Amino acid sequence: MAAHVAMLRGHQRPDAPLLLTLFPPRPQPGQSVGFSRYFRTTAGQVLEADPELLAGIEAATREAPSHSLGLVVNAALPQPPDWGSQPDHFPIRRIRKGQPLTAAEQQAYQAERCELWNSGRREGWCAPKQWGASIEHIGPCRWLFAECDREGFPKSDQLALAAAVFGAPPTFSIDTGGKSAHCYYRLSRPVPPADWARLQALVIGAYGQLEPAASVDGSLKKPNQVMRLAGGIHPRTGALATIHTATGTLVDPAALEQHLQALQPPPHLNRRGHCCRPALPPPCAAAASRRCGRSPITWPPSRAASRAMAPMPATAAPTATETSSGAW
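Oh and the sequence shown: position 199 is 198 in numbering that gives the first Met the number 0, straight run, nothing missing.
Any given hint could turn out to be false.
Claimed, not checked - Distance windows between CB atoms, simulated:
#1 PRO13 x PRO189: 15 to 23 angstroms
#2 ARG61 x PRO189: 33 to 41 angstroms
#3 ARG188 x ALA238: 14 to 22 angstroms
#4 LEU53 x ALA261: 43 to 51 angstroms
#5 ARG93 x ARG120: 21 to 29 angstroms
#6 GLN257 x ILE134: 38 to 46 angstroms
#7 GLU104 x PRO50: 28 to 36 angstroms
#8 PRO50 x LEU76: 24 to 32 angstroms
#9 LEU239 x GLU62: 31 to 39 angstroms
Claimed, not checked - Heads up, simulated BS3-like pairs for lysine-lysine below, C-alpha to C-alpha not over 30 angstroms straight-line:
#10 LYS220 x LYS154
#11 LYS128 x LYS221
#12 LYS220 x LYS178
#13 LYS178 x LYS221
#14 LYS154 x LYS128
#15 LYS128 x LYS220
#16 LYS221 x LYS154
#17 LYS178 x LYS154
I should point out that these hints are in silico values taken from the structure, not numbers from a laboratory.
Quantities reported herein were computed from a predicted structural model and do not represent experimental measurements.
All residues carry an ideal CB built from backbone N, CA and C; glycine is no exception.
Take these sequences, add in the hints, and give me the full structure.
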């Protein structure tokens, strides 16, 4: 856990805020989404293995063994000093006793919770929304990431595919203890959440174009995204999530966007030769590429080479630079 946090926040002060969470498993069709438990802490507390923090996580894990340990990857803006003083700082309740609430009833529920909280009632059920867990709380973003959900897809191939998408090996990767490797890329400078979301959408599109069968997780496109934390136990397998690789790759956002644009699915052409969306399904991609004047993208050039996962030379990755200084 400490090494994962050091990579994500090691360039910041020890008192840099960090939001850890125990998140529920993905619900089956027809099931409701479970609740997450949050732990607001600092990078220093994690790096120093704060006993109170660890005891709280361990106790919560025993209460919810099907949940997983994770963190909100991108850092939040500073919490406003008056957070919790207004009704819109509190969660909305949309259903009561199986019946949907009207907009007026939802607002009344928020106002009731706000009044109780500010009158001195500090029970969890009437607390304001956890700062740092919502999209609007997130500040400039430093990290991009990707995950493949395909069963039986070798992790060495997952890393090779990530290198093809981003133009360089991951800054670091996490073996989740399950079927996936989480591949992280550090941007050379933070970008606004809206720009981050655009880059992340391009990443997902590039994955789908290069290897549709990889089943890239298309839901990983929110600035407040929670990812599995190294050091946690995967509930399904019982295996420990661990840091798998680390290279020090830094990616320039502008160059990466240009690189990713070239990897997007080719546009569909109508009878007049005009481009329109959505993209054609994979079997038609090569034909559409030829009509658009683009060469079809093939990946990987060699399965044996992808499994070997030889380090990519810096000159082969115009969108990234690799450092060995250990500075994250």
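Consistency of the hints with the structure:
| no. | hint | result |
| --- | --- | --- |
| 1 | PRO13 x PRO189: 15 to 23 angstroms | holds (19 angstroms) |
| 2 | ARG61 x PRO189: 33 to 41 angstroms | holds (37 angstroms) |
| 3 | ARG188 x ALA238: 14 to 22 angstroms | violated (35 angstroms) |
| 4 | LEU53 x ALA261: 43 to 51 angstroms | holds (46 angstroms) |
| 5 | ARG93 x ARG120: 21 to 29 angstroms | holds (22 angstroms) |
| 6 | GLN257 x ILE134: 38 to 46 angstroms | violated (26 angstroms) |
| 7 | GLU104 x PRO50: 28 to 36 angstroms | violated (44 angstroms) |
| 8 | PRO50 x LEU76: 24 to 32 angstroms | holds (29 angstroms) |
| 9 | LEU239 x GLU62: 31 to 39 angstroms | violated (20 angstroms) |
| 10 | LYS220 x LYS154 | holds (22 angstroms) |
| 11 | LYS128 x LYS221 | holds (17 angstroms) |
| 12 | LYS220 x LYS178 | holds (20 angstroms) |
| 13 | LYS178 x LYS221 | holds (22 angstroms) |
| 14 | LYS154 x LYS128 | violated (37 angstroms) |
| 15 | LYS128 x LYS220 | holds (21 angstroms) |
| 16 | LYS221 x LYS154 | holds (24 angstroms) |
| 17 | LYS178 x LYS154 | holds (8 angstroms) |
Violated hints, listed in ascending order, are 3, 6, 7, 9, 14; each of the other numbered hints is respected by the structure.
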